[in-house]
Amino acid sequence: MLRAQEFDNFDKYIDAVRIFHEDYNQEAPPGPSRSEVILEYLNEKIIDAIEWFISKYERMLQFNQQLSNEKVKSLQKQIEELKKKQSQQQDNYEDQLRALSIEKANQMATINSLQEKMKSDHTFLTQNIKEIKEKYKKEKIEMEQKLVSMKEKMEEHKK
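Numbering (the numbering used here) for the sequence shown: 990 to 1148.
It should be emphasised that the hints constitute simulated quantities derived from the structure, not laboratory data.
There could be a bad hint or two in this list.
[Unchecked claim] Only pairs whose alpha carbons sit at most 25 Å apart, straight line, appear in this in silico SDA-like list of lysine to any residue: (1) 1073 - 1088; (2) 1093 - 1109; (3) 1045 - 1060; (4) 1073 - 1057; (5) 1060 - 1072; (6) 1045 - 1093; (7) 1074 - 1061.
[Stated by the list, open to error] Simulated DEER-style distance windows between Cβ atoms: (8) 1119 - 1083: 52 to 62 Å; (9) 1053 - 1075: 51 to 61 Å; (10) 1025 - 1065: 53 to 63 Å; (11) 1003 - 1025: 32 to 42 Å; (12) 1012 - 1065: 47 to 57 Å.
Yeah, the Cβ is synthetic: ideal placement off N, Cα and C, and Gly gets one too.
Let the hints inform the model, and build the full structure from the sequences given.
Written as structure tokens, this is what we have:
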């Protein structure tokens, strides 16, 4: 018997029908309607097989379509997750960049403040050194004058 379910594809089924037809022609008893009977039988079987294979291919197509749809959904979900992750990373990098910019600005302000303090301290020290030198110079002059005066007084006392 020719059952379409026993074959992988329609071409193999048709090959089996041809072999069946040849065997029938060789072994069937001769008669006036022998050809018509087998052809009618084979036509019915081929039509049934066509319907069965079409149904099979439709089920396979639907199954493959469903798999494809699921794969598309899965890939879309992965894309969305990757986009979300990338967005979070970008936000994180932007936050880090803002924090670094603020830190840089704070450090620059500290550097500028320290530079101003150094200038101020330098000016203060320079002024103090100058004042100390002037004071020392005045004291030296006064001491020299006192020394000269004392020498003169000593000279006068000696006389």
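Exercise. Can you give the numbers of the hints that this structure goes against, from lowest to highest?
Worked result: 6, 9 and 11
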